[in-house]
Structures are given as structure tokens and as C-alpha cells.
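Residue numbers (the working numbering), protein chains in the order written: chain U, 1 to 382; chain R, 1 to 295.
Quick caveat, the hints were computed from the structure, so don't treat them as lab data. Treat the hints with care, as some may be off.
[Unchecked claim] The list that follows gives simulated cross-link-like pairs (lysine-lysine, DSS-like), each with its CA atoms no further than 30 Å apart:
#1 R/Lys10 - R/Lys205
#2 U/Lys239 - U/Lys160
#3 R/Lys62 - R/Lys228
#4 U/Lys160 - R/Lys91
#5 R/Lys228 - U/Lys111
#6 R/Lys62 - R/Lys205
#7 U/Lys92 - U/Lys239
#8 U/Lys112 - R/Lys91
#9 U/Lys111 - R/Lys275
#10 U/Lys111 - R/Lys42
#11 R/Lys228 - U/Lys112
#12 R/Lys10 - R/Lys42
#13 R/Lys231 - R/Lys205
#14 U/Lys160 - U/Lys207
#15 R/Lys91 - R/Lys205
#16 R/Lys62 - R/Lys91
#17 R/Lys231 - R/Lys134
#18 U/Lys207 - U/Lys55
[Stated by the list, open to error] If you want the footprint, here are the derived chain U segments under chain R, 3+ residues with CB under 8 Å:
#19 132–144
#20 334–348
#21 361–370
[What the hints assert, rightly or not] Among chain U residues calculated to face chain R with C-beta under 8 Å, some are:
#22 Thr105
#23 Arg178
#24 Val181
#25 Thr209
#26 Met261
#27 Gly271
#28 Ala274
#29 Asn285
Virtual Cβ for every residue (Gly too), placed ideally from N, Cα, C.
Below are the chains, spelled out letter by letter.
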Amino acid sequence: MDLYEYQGKQFFASFGIPVSPGGVATTVDEAVALVEGLEFPVVIKAQVQVGGRGKAGGIKLANNLEEVRLHAGNILGMDIKGHTVRIVWIEKASDIAEEYYASFTLDRGAKKYLGMLSAEGGVEIEAVAAENPDAIARLHINPVEGLTDEACRAWVAAAKLNPIATDGVVEILQKLYRAYVEGDADLAEINPLILTPEGKVHALDAKVTLDANASFRHDWADYEATQVRDEREEAANAKGLQYVGLEGSVGIIANGAGLAMSTLDVVNQVGGSAANFLDIGGGANAEVMAGALEVINNDPRVKSIFINIFGGITRGDEVANGIVAALERVDIAAPIVIRLDGTNADEGRAILKTHESDRLISLPTMIAAAERAVALAGGKSK
Amino acid sequence: MSIFVDENTKVLYQGLTGSQGRFYGLRNQAYGTKVVAGTNPKKAGTDVEGIPIYGSVAEAVKETGATASCVFIPAPGVADAVVEAAEGGVKLIVVITEGVPAHDEARFYNLLRRDFPDVRLLGPNCPGLISPGKCNIGITAGEIAMGGGPVGIVSRSGTLTYQALYELTQQGIGQTTCVGIGGDPVPGTTFIDCLSAFEADPDTKAVMMFGEIGGSAEEEAAEFIATKMTKPVVAYIAGVTAPPGKKMGHAGAIVSGGKGTAEAKMAALREAGVKVGRNPTEASALMAEVVAGLG
Chain U
1 MDLYEYQGKQ FFASFGIPVS PGGVATTVDE AVALVEGLEF PVVIKAQVQV
51 GGRGKAGGIK LANNLEEVRL HAGNILGMDI KGHTVRIVWI EKASDIAEEY
101 YASFTLDRGA KKYLGMLSAE GGVEIEAVAA ENPDAIARLH INPVEGLTDE
151 ACRAWVAAAK LNPIATDGVV EILQKLYRAY VEGDADLAEI NPLILTPEGK
201 VHALDAKVTL DANASFRHDW ADYEATQVRD EREEAANAKG LQYVGLEGSV
251 GIIANGAGLA MSTLDVVNQV GGSAANFLDI GGGANAEVMA GALEVINNDP
301 RVKSIFINIF GGITRGDEVA NGIVAALERV DIAAPIVIRL DGTNADEGRA
351 ILKTHESDRL ISLPTMIAAA ERAVALAGGK SK
Chain R
1 MSIFVDENTK VLYQGLTGSQ GRFYGLRNQA YGTKVVAGTN PKKAGTDVEG
51 IPIYGSVAEA VKETGATASC VFIPAPGVAD AVVEAAEGGV KLIVVITEGV
101 PAHDEARFYN LLRRDFPDVR LLGPNCPGLI SPGKCNIGIT AGEIAMGGGP
151 VGIVSRSGTL TYQALYELTQ QGIGQTTCVG IGGDPVPGTT FIDCLSAFEA
201 DPDTKAVMMF GEIGGSAEEE AAEFIATKMT KPVVAYIAGV TAPPGKKMGH
251 AGAIVSGGKG TAEAKMAALR EAGVKVGRNP TEASALMAEV VAGLG
């Protein structure tokens, strides 16, 4: 779950990381009211979960109330790479002497935490990593041992920051590490982490991704409430289905994430394109299948439906009965192609056979079924 | 032969008294797995269809000689369950549970590495493993597997694991062991662990590897294959058409920042001399050719 900058800053602040004083506004009037508690100049920042907002005009400095009114009015409602700005974060502008980069994430290859620190902050870290990899000081941390003060100091020294920043950065890194671990973040990143002319260090931006699997031990209701969701995904999630909306014309239903992904690939290989990824999980009973068909049926992009089920513990005949029962409950607009394989596949196909028509076709292999579904969706898309 | 489990493996189930644990534990037993115990501190002294329930893993190991544990505990309790299993004395811990927090996984993986280096962890969020005809731990349908080798299977995805098993069985090609390593951020057992074990197993003559987008495990496996393996490997990578930045179901498959794409993984594997199929069926056909050529 990606947090907005303002939420990331609140998250950081709750772990004692210094951030600039500020607040959020959703209207120009709120922005003006908010600024009364701050000193000028202030920075008005669009809250969108996409990079490049500065270049798009989503970050502006305001020196007086008129400028706050002007910029907040322009930024609220602005479209940045397909994301509409509904919230702005306004904070006291900071004097910047130097900009650093700091983050913690998981190195999946090493199976350890990876801390990254660089004196070259303020830009995309990927660019720094590509052009000047030595400018990033990396530290692997064993999760069982944690980040010792000694290791942290050596790490900061290796990053060659301005020596006057050392104590402040060490302190922030320890707090950021706590936020990353205790806060169950997948990513905790400060870019830029700034050094002010007075020698103070604080977080000017906040990029935080939380691990949704850990929500049971946190109160993340406020964060969850502001997540932007695709309407189709929302409807599917409510039925307990794993759904991702795509742009093609073949509706996909499969059991298991791997098989669903593979189904997308095969549809693509035979020249079509999928309207969605939909994983109904291991079961595939009538209830689940009916729910999945309803979700697909509500998508106007869908011109044909490809049901790809592998019967493991759920046997093929049970799956076939589930599909038939689901079809009796849902009035489906698009023709359906089913590939059923695995345990008791023959029995399952025999059941489907008795219901076959030009609207319901059963084929034994993934490739043949994908070809038929693509043809029914109007043929090759490219 | 087989890797990790065989006919002598004695398995206990943490969570045997829950609905999932009971369902799969009994299925594994019906398959022929030596299911010796379950654990639940609140139900010690009872039984599930004759399988005794103990208060702790240590007690179950002491009483039954269990060598492996299969964990069906809900996600919030998995971290404690894994540590309990390792401290209790089992040598293989298979975690089926999905939705375990990444930080828990990172902690218990590294704790095991440090304090219990001879304990193998498989999962979390994996379908388990099967040595056909000998031992089935987890949620794989044993019916679709066929014993006798010569192929070893390792896969990140559950349903694609079944697909691989089934396609090989359909062609009359047996399997030594099929391991589902799961797609979570910190898998206890990796492709390389399995490839290395298959390389050392005299009955495994070729290896089928099913990967998916995200992370760099397949690229690391390719490096291992190029430098350390003599046995032929056939691979399939799911997710060629998955859009960047979207999480595809529970599998944790996600492409971000241009890293972990299916193309990059396939290229790395081909470079390592691996035959790569564009879909599971094509990969199985390639494996059939490899097996026919083994002589």
C-alpha cells in the first residue's frame, strides 16, 4: 500500500523523524486557512502517487496569500499523468544547503534489509545508481541483529556526507530503520533528506509503501480509506477475487495466480489481449465462479470469456458442475470458451459437453481454447 | 531417490485441528505420507481421526520422532510457529500459509540461518512438496503426480506446479520430487537450493523450472545453472504480458522499475543453456524431448 507524501510524513513524524510543519487542504479556502498557522514562504505540493509532479507544475512556492490562492487553485484538480490532484500538502519552505538520499528496503536476493544512503539526493535514485553507482553507500542489515550505532556511523562515513550532518543523519537513520521495521514498511525512503544552512537535518519528502499483509497489527484505516482503486477491482475484491483490470477484449478467469498470468501470456501469444487478470483461487465452486462471471460480465471491454481451470484437489467434475450452475445464475453477454484440465478432466468435459452451444465451447488445451476465445473476441488485436 | 522428503519422512501438522490443516493433513495421510502428529496447545491429548494432538512441537517430536512440520497456522501466528518448529527439533518446515508479513519472513528466515542452520524452511505461501509415491506434504493433488523420475520440478507458482506435474504425467514422464517454493519476498528455499539438490540426486536426470516475473531469483538460478549444473534444465516464465507495477494476485509477482521482466529472465536462462518454453505446454514438450534424449 503506497502512502501519499503527507501520510508518509505523518508516519515518519510518529517515529520522531523531523519533517517540515504543514498540513493538507482539499480546497483553496482550506489552503488559505492552513497557511495562517505557517510562516511564508510556503510550498504547495500536489499529492499524487506518481513521479514527476514537480515538472508537471504540481509543486509551487508561495510568498503571500494571493499566491497560495493562485497556486492551490491551479494544482487542485490538475491532471498529472492520469492522476487527478485532490489534495495538496502545504508546508513551510526550507532553506537547503545540501540534499541527500536515504532509504530502507528488502534485498530479496540477499534476504536481508538494504539501507541506501547518498550525498546525491533530490533526484531519482535509479539515475544515480545507473550513472554513478559509487555515489550510493549500501549497507546490508541482518533483520535478527538490527542496525547497530557503530554500523550506522560507518555507513554514514562511507556516504561522504558533509561532516556537520553526521550526528543528525545517524539519528534520522536509526529512526527511519525503526519506522521501516516496526511500521511494517516495504519501503521507507527520504528523498531529499536535507541539510539546512543552520546545520539541521530533516525529511523534505516521504515515500512509504506499507506491507498490507501486516495490517492486522496496525491501525491503517486512514491510509486504506484514501487508496485509489479501479472500480472493477473494487467489485472483484468485495467478492474475494484477485482482479487486475487490463485493456484488452478477452475476459480471463483462472484458478491460481500463476495459471492466470500464464493464461494472459497464451492469449497474447495467439494474437489477442486480455481484459483482465482474475484469479479465483483454489476452489472454483459455483458460488465463486458465478461471482467471477458477474465481474467479467460487467466489463464492457469483454467480447469473449476464457475460463482456464486446472483441477487439482477440486476435481474437474466439481468444477464443471460449478460452471454450469453459475451460468444458470448469471446471464452472460459474451461467448465463453472453457479449458478444463487436471484431475477428472474427462468427467468434467463430459458434463460441459451436454451444455455446449456456440455460446459455450469446451476445448482441451490452453492454446486451442485461447485461439478460439481470441477469434470470438473479433480476431487478432495486432 | 528424491530430494528433501522420502518414505521415511515423519510429518507433524501445526494447525491440524483447523479446517485447512485437517483437510490437507488427512489428504496427505491418505496419499501415504507418514502423518504422525498435530499440535495445538489448547487441544493437547485429543486426536484428529486417530492422529494424536500434542501441546507443542517439542513434545510431538519427542513422542513420535517427527522429522518435518507442515504449518497451516493463520498468518499472524506463523512467525512463532516456525521458531517453535525449529526449536522443537524438526529438520524441515513447510509453511503453506499465505499473507505472512514480509518483515516476519525476513526475521525468521535469518534466525533459522543463524541458530538452526541444518533446518530447511520451505515457503511461506507455497503449495508444499511431493516425492510421488513416497511423501506428499502440503496442498498438491497427489493423483496428478507420477513417481520414478527422471524429472525433478521446482516452481514458484502453485497452479503452475500442478500444471507441470500433470503435463509430464500425461506424457508418461515420472518425477523424483516436485517442490513449490512459493512467490513470497523471502522464500525459505530458493530455486538454487532445489537445483543444487536435484544436481546431487542420482535419480533426477533433468529439471523442470517454472518461474514468474518479479525479483531476481530466476536470474540467480540461471547463473547457478551455467556454472554448477551438468543436468539439463527446461524452464517456463509466467507473466510476459503482465503490466508493470501491478501485483498479480497473491503470488507477489510484480515488475517494477523495468526489473524482473519475463524477457530478462528468459534471456538469462537461455544464455545459461536452458531450453525455455513460451507456455507450460511448450515447456513440457521440450522436456519430453530432453527425456527422450537421455537414453
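Does the interface hint hold: is U/Arg178 within less than 8 Å of chain R, judged Cβ to Cβ?
This interface hint is violated because 12 Å lies over the 8 Å limit.
Holds or violated: are the alpha carbons of U/Lys112 and R/Lys91 at most 30 Å from each other?
23 Å, holds
Does the alpha-carbon distance linking R/Lys231 and R/Lys134 stay inside the 30 Å limit?
23 Å, holds
Per the CB criterion, is U/Asn285 less than 8 Å away from chain R?
14 Å, violated
Pair hint U/Lys239 and U/Lys160, alpha-carbon separation not exceeding 30 Å:
At roughly 52 Å apart (the allowed maximum being 30 Å), U/Lys160 and U/Lys239 break the hint.
Let's test the interface hint: is any C-beta of chain R closer than 8 Å to that of U/Met261?
Holds, because the Cβ-Cβ distance from U/Met261 to chain R comes to roughly 4 Å (cut-off 8 Å).
Three residues minimum, CB to CB under 8 Å: does the region 334–348 of chain U make the cut for coverage by chain R? Let me know.
n = 3 at 8 Å, threshold three: holds.
The hint names U/Thr209 as touching chain R; please verify it with the least Cβ-Cβ distance against 8 Å.
Where the cut-off is 8 Å and the nearest Cβ of chain R is about 10 Å from U/Thr209, the hint is violated.
Can U/Val181 be said to touch chain R, with a Cβ gap under 8 Å?
This hint holds: U/Val181 lies near chain R, its Cβ roughly 6 Å from the closest one there, short of 8 Å.
Satisfaction of the U/Thr105 interface hint, Cβ to chain R closer than 8 Å:
10 Å, violated
Hint consistency between U/Lys160 and R/Lys91 [alpha-carbon to alpha-carbon, up to 30 Å]
Violated, because 45 Å separates the two Cα atoms, which is more than 30 Å.
Do the alpha carbons of R/Lys228 and U/Lys112 lie within 30 Å of each other, as the hint requires?
24 Å, holds
Hint compliance for this structure: hints 2, 3, 4, 6, 7, 10, 22, 23, 25, 27, 29 are not met, and every other hint is.
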